[in-house]
Amino acid sequence: MTTETVHTAPQQTLIRSVRKTMSPRKRALRLLKHLVIIGFGILMIYPLLWMVVSSLRSEEEIFQAPGLLLKTLQTSNYVDGWTGLQHPFSHYLINSALIALGCIVGNLVSCSMAAFAFARLRFRGKKIFFAIMLLTIMLPIHVVIVPQYIMFSQLGWINTFWPLIVPKLLATDAFFVFLMIQFIRGIPRELDEAARLDGCGYFRTFWSVILPLMKPALVTTTIFTFIWTWNDFFGQLIYLTAPEMYSASVALRSFVDATGSSAWGPLFAMSVLTLLPVFLVFLVGQRYLIQGIATTGGK
Amino acid sequence: MSALSEIRSLSRAGRSDFTSEANKKEERAAYLFLLPWLAGLVLITAGPMLVSLYISLTDYNLLQAPNWVGTDNYTQMFSDERLKNSLGVTFIYVFISVPIQLAAALGLAIALNYGMRGLSFYRSVYYLPSLLGGSVAIAVLWRQLFGTSGLVNQGLEAIGVANPPAWISDPSTALGTLITLNVWTFGAPMVIFLAGLRQIPTMYYEAASVDGASQLRQFWRITLPLLSPIIFFNLVLQIIHAFQAFTQAFIVSGGTGGPSDSTMFFTLYLYQMGFGNFQMGYASAMAWLLLIIVGAFTAINFAASRYWVFYDD
Amino acid sequence: MNIDLNRRQLIGITLAGLATATLAACAGPGGGAGAGRLGLAWYGGDAVHEAMKKLITEYAKKDSSISISEQYAAFADYWDKLATQTAGRTAPDVVRMSMSYFSDYANRGALLDISKYIDSDINISDMPRDVAESGNLDGKYFGVSQSSIANAAFVDPELIGSLGGSVPTDDWTWESFADWAKAIGASGAGKVYGSMDQGGNFQLFESFARDHGTELFTANGSALAVDVDVIEDWWSYWADMRTDRGAPPASISAETTGFDTWPLAKGITAVGFGWVQQIAFLQPVMTRQLEVLMPPTVSGEAKGLFVKCLDFWSISSNAKDPAAAADLIDFLINDDVAIQTLGVVLGVPPTQRAIDLLALDPTSPAGKAAGYIERVRDLAGPAPAAWPTGYNELLSLFARQAQDISFDKSTPAKAAQDFQEQSVQILS
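Residue numbers (the working numbering), protein chains in the order written: chain A, 1 to 299; chain B, 1 to 313; chain C, 1 to 428.
Hint data in this document are derived by calculation from the structure and do not stem from the laboratory. C-beta atoms are modelled at their ideal positions from N, C-alpha and C, and glycine is treated no differently. Among the hints, erroneous ones may be present.
For lysine-lysine, the following BS3-like pairs were computed, each having C-alpha atoms within a straight-line distance of at most 30 Å [to be verified]: (1) C:K266 to C:K191; (2) C:K62 to C:K116; (3) C:K320 to C:K140; (4) B:K84 to A:K126; (5) C:K140 to C:K266; (6) C:K414 to B:K84; (7) A:K126 to A:K215; (8) C:K409 to B:K84; (9) C:K303 to C:K182; (10) C:K116 to C:K409; (11) C:K320 to C:K303; (12) C:K116 to C:K53; (13) A:K71 to C:K191; (14) C:K61 to C:K116; (15) C:K266 to A:K71; (16) C:K61 to C:K414; (17) C:K303 to C:K409; (18) B:K24 to A:K127.
Partial list, computed: chain C residues near chain B (C-beta under 10 Å) [unchecked claim]: (19) D104; (20) E255; (21) S364; (22) Q403.
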């Protein structure tokens with residue numbers, strides 16, 4: 001069995017060879033395609049640009065200027081935001097990072113194990129277990145959070161990261177289990193059967209055949225777990241009580257209060273800062289995604 | 001560790017012939033792999049779910065001990081006009097935004113995968129709105145885009161449209177702007193599609209090219225069938241998520257579901273009942289109604305998947 | 001064997017579920033509090049957090065035997081968290097309590113009856129009677145007032161002047177107000193309207209109802225006391241205002257969320273209404289100066305108007321050391337340093353002593369608010385009793401009915417009828 005890292009898909013080479021002989025009409029069509037995609041791109045990038053611009057604006061301007069033109073440069077928003085809460089904002093970013101890290105490890109390990117069992121192994125109760133797993137993500141969080149809170153408070157876990165991380169270590173995020181199941185089922189079964197014939201046990205098959213082949217799914221899981229944990233709010237609000245435990249998303253929300261005074265400038269400035277790590281993780285992660293191993297198959 | 005080596009030796013012993021002894025070993029291995037998930041189900045997920053089922057049969061108000069009221073909460077739902085309205089709003093949202101969002105995500109994933117230059121740049125750009133999804137800043141942005149004197153209307157007025165709609169604050173268009181917002185955050189399903197496309201073994205395409213199959217044919221015969229498990233995944237999960245849509249409506253409407261309940265999603269109403277009006281019993285009953293509805297849709301999806309989802313195993 | 005284990009586990013799930021189901025029976029650890037520790041929670045924005053945290057440092061200097069662990073969040077988030085914590089019996093010892101939720105929490109046993117600490121540990125004798133008694137529910141104190149409020153009209157004289165209108169005075173009636181607002185709307189040429197739409201403002205409506213001779217609620221809070229015709233009149237009044245540009249069209253009013261989105265702040269209307277201390281939140285998001293007036297009345301006499309308290313300091317019923325909590329509350333209300341540190345971030349202070357101590361600049365937003373309270377205190381009628389359980393639900397129902405009328409989904413008569421009927425269910 002051989003695997004090979006493929007940087008350029010064969011289709012790309014195909015297109016490139018065709019391009020030399022392209023007619024003007026086809027060229028125009030290609031140009032149009034690019035224009036459409038770029039137009040789309042602007043539509044997509046606008047909110048981020050607007051956020052960055054807003055974070056450099058005075059408060060009145062934030063609400064009055066929908067455009068991207070910057071009249072003044074209010075860098076004080078960043079200073080105020082960074083120092084405005086009890087701890088420097090980095091403190092909250094680190095808390096968020098710790099939570100996210102715990103969740104990523106948890107999801108990668110526990111969900112891939114469960115997914116392997118569901119996708120490849122035969123056992124009694126499989127269908128029922130699978131149905132139960134999907135059912136667990138169909139109840140809105142608002143009705144399970146109170147019983148869950150009471151449970152975790154009995155354990156003395158309030159104001160720690162455990163209520164946020166431990167569930168992930170125990171594969172409660174059915175989204176990722178299901179995602180990985182679908183990816184594993186896309187891997188030709190001959191590959192792991194071949195491994196089994198070579199004398200690999202279930203664990204070895206999982207570890208050295210399935211896991212490497214489902215790298216795109218693992219990268220996807222990493223990216224999404226990071227982003228969703230980073231942006232998640234409700235659970236973190238409920239479980240983290242002392243300000244030194246607040247995550248970035250909870251800290252951000254304490255800048256604004258609909259019934260009182262709000263600090264919109266610092267909110268925007270810190271929102272931009274909070275987005276940076278997410279964007280970086282996505283940039284790095286998606287590079288892995290494209291390098292993802294495409295099997296050439298064979299034995 | 002010893003358990004693992006045990007499995008290994010056992011499976012080695014049984015590999016030549018698939019006897020019932022081997023079945024047992026396989027089953028044992030399966031439960032070992034499932035152990036974290038089973039523990040999570042027993043210790044974390046199932047308890048609160050069952051408690052919420054129990055709460056749905058009480059008058060629990062969060063602050064006092066619950067009293068048993070039987071199925072009162074469930075029968076009360078039948079005469080709740082606002083609940084019916086919120087179901088209607090949610091159904092419209094699910095049936096319009098999910099197909100559009102998935103089509104956009106799939107279309108772009110394929111376009112990006114087929115050798116667009118600057119691939120990673122575009123992919124990142126298209127993902128941007130999804131990063132912003134639940135941010136408080138989105139509420140401000142959406143008002144500035146779709147407010148009565150927002151950017152959209154400024155544009156419309158510039159090209160001569162008199163009295164453009166109020167979008168976000170008009171009951172007849174507010175839901176539409178939320179659907180737009182949701183479609184706009186198609187990044188997540190797009191990335192999953194891309195990951196799925198990357199996983200298709202290139203040997204299939206190579207073989208097809210040798211046979212002289214056109215690109216279109218390759219798409220229909222190879223890409224779509226092999227991607228179908230991922231399409232199915234996205235369809236099932238996006239429907240589940242859309243039924244539970246909450247954050248965007250909450251943020252954009254300031255938690256009211258307005259104007260005039262036009263963006264009052266089912267879960268938003270449920271949340272207002274539970275936390276705003278201290279009717280957690282009723283909210284829990286609503287949650288179980290939602291579970292039945294979403295469960296039914298998911299079951300239909302799985303039943304239908306037999307006809308169009310192709311698994312390689 | 002594995003299977004058996006799982007079956008046992010499944011039975012375990014059910015039992016565990018039912019065990020936790022005795023929700024209120026299980027007592028968790030008190031809100032991070034034990035001997036010498038007090039939990040203190042509040043809601044608000046940036047400014048509130050900053051002032052409160054300084055105050056905690058000040059308290060440590062005063063009483064080093066107590067360490068305070070604080071929790072804070074924005075208004076909406078705060079209530080989700082507090083409800084959950086109360087359900088888990090882990091609510092912080094001292095909590096900021098809003099008038100809207102006061103009865104909900106107090107009547108359901110979430111707050112401690114602090115009557116025995118009043119006067120002995122917590123001095124409320126400096127407060128005017130109406131303000132002090134706001135925390136009294138059926139003869140028991142459940143909260144200590146931290147602010148005094150009254151309904152007020154916020155007026156933008158510069159905008160009015162630019163449209164050639166005359167700036168009104170305290171003696172306007174609803175009738176003269178309507179004529180005035182429509183005149184502003186007429187000269188505003190579809191860009192400026194007279195007043196923000198108050199059809200959905202249940203709190204201003206309370207003054208209107210009292211002007212008609214009844215309280216909003218019956219004495220025991222179990223029903224509406226106001227006549228259904230008065231509700232219909234109120235909504236018809238605002239429907240008429242919208243028709244003649246006295247108030248903006250429904251879609252503009254529906255854009256109102258935070259203070260930055262108030263049509264008054266955006267220069268779309270010349271008048272807005274709210275609790276008087278809100279001028280301190282409005283002014284920073286505007287460039288023009290606002291003035292404070294009494295809201296219009298029915299007869300020219302402001303008997304419908306009232307001064308009371310909006311927010312309280314309360315002690316949660318699971319507090320381990322109520323006496324220490326009471327001392328903290330007394331500090332928050334009466335200590336000179338605390339008064340100076342807090343300033344007006346929680347609203348106009350409840351005692352005249354505090355207002356004098358702050359020596360506010362009468363032209364500042366806070367100074368205008370404090371001056372207004374002084375001005376109307378003797379003109380206003382007696383304060384109504386604490387709002388009943390379910391008030392918050394009524395508040396949003398009222399706003400929603402008003403919005404339905406403005407979008408032609410209902411009529412004043414039908415909406416008033418609906419409101420009356422649903423209030424019976426909510427208040428029972």
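Unsatisfied constraints (hint numbers, rising): When the structure is compared with the hints, numbers 4, 5, 10, 11, 16, 17 and 21 turn out to be violated.
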